[in-house]
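Position 120 of the sequence shown, counting from 1, maps to 120 under full-length UniProt numbering, and the rest follow consecutively.
Where hints are given, some of them may not hold.
Stated by the list, open to error - Below, in silico cross-link-like pairs of lysine-lysine (DSBU-like), each with a Cα-Cα straight-line distance of 30 Å or less: (1) 149 / 248; (2) 28 / 248; (3) 211 / 28; (4) 211 / 248; (5) 149 / 211.
Treat the hints as calculated values from the structure; they're not laboratory data.
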Amino acid sequence: MSRNDVAKSIRVPDAPITLSTASVYPEKVPSAFEMASWLGYDGVEVMVTLDAASQDLNVLRRLSEYHQMPIKSIHAPCLIFTQMVWGRDPWGKLMRSKEIAERLGAEVVVVHPPFRWQRDYARDFETGLARMQEETDVIFAVENMFPAKARGTELGMYSPHWDPTGYDYPHLTLDTSHTAVSGSDALAMADRYGERLRHLHLADGVGIPNKDEHLVPGRGSQPCGEILERLALQGFQGHVVLEVNTRKATSRAERIEDLAEALAFARLHLAASDTWEVSASGEVSRQRTS
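Let the sequences and hints guide you as you build the complete structure.
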């Protein structure tokens, strides 16, 4: 086989591989832009947190311009510890996330399902999100979460559910650390998402209940590589976001090594060879070789 034949047998989609600002914690948002630029990421996802820089449009614009790192997505402040960021109103948080995304040229706002105690918000979530989607080109991508468990019993933290698959959300985010915690089949979930899969939070986990690990891909039990290869074959046009936990890094150099490893994993696997095949129903599998 010639070099040209090999090149023709590999398919690499145009999907950008970006770095979540959460991946550099406990360092701050400016460090994420700096490291993403050094390592050759295609852009940044800003997770809006208590870090003031993550909330400031002008600071984010300056960081993006200085490091030549486009901001491809905004993660709305949906976590428990960000409940007071941008006020108490969850719709206000989504509106502000959308406005910042529009002004920065970001294409996606990541949003979690409502907490069960946010009753009014949860009741109107599907219809309200649909109305907001009609008013903007920014994509609202609802993310899969996971149940909390106590003595083997599943506790309902999210409403209507931690798994958004069965609900009328036009765009979805798949998080492969969350599939580990929930004990979900990540490949099957990606298949159920179908064309609604527009955003991938790539991380690993070994499946410890109540522990969202966000390991560097390849260090856990999740089929991170296989998911990327399937998406490559399907010509995925969404985003692949490395959202990993580097808190245990003993130095900045070790943190950078972890983020370099994560990017190398994603680049290696976000390519598909012609040893994959797609059935008429859209299911993807490896061809048998003799």
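### Query
Among all the numbered hints in the text so far, which are the ones the structure does not match?
Hint check: nothing fails, all pass.
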